[in-house]
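Asks: Sequence:
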Amino acid sequence: MQVVASIVPIKPRKERNISTYIVLCNVPKGELPRAHYINLLSKIIGSEEAAKEALIYTYSTFGGFSAFLNPHQATRLSKITDIYVIPSLPYQILSPSVVGQPLH
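In the working numbering, the protein residues as written are 1 to 104.
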């Protein structure tokens with residue numbers, strides 16, 4: 001029996017200042033959300049493949065997605081009409097015990 005193996009390297013991010021951003025936008029009628037988001041990102045990032053790699057998550061409760069972007073890309077995207085770009089920041093949820101309340 002012959003076994004053939006291949007190793008596919010993971011592409012390192014070329015830029016170190018990439019962060020996660022949440023992008024709020026409406027999807028035009030008749031368009032699929034994911035396809036619309038990839039189209040928007042490809043105009044900013046430069047290619048459809050790079051846009052697919054940058055797309056992290058598509059939201060279903062509101063129009064929008066999260067993506068890996070650098071500050072310049074986020075600024076360019078935010079200049080498009082009716083698109084809002086906000087940095088995704090970590091939040092720490094504190095339990096009641098932190099303020100002296102018992103856990104029930």
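Since the hints were derived computationally from the structure, they do not count as laboratory data. Heads up, some of the hints might be wrong.
To be verified - No farther apart than 27 Å at their CA atoms in a straight line, the calculated lysine-lysine pairs in the DSSO-like style are these:
no.	residue 1	residue 2
1	K43	K29
2	K29	K79
3	K79	K52
4	K52	K29
5	K79	K43
Asks: Check each numbered hint against the structure and report the violated ones by number, ascending.
Replies: none
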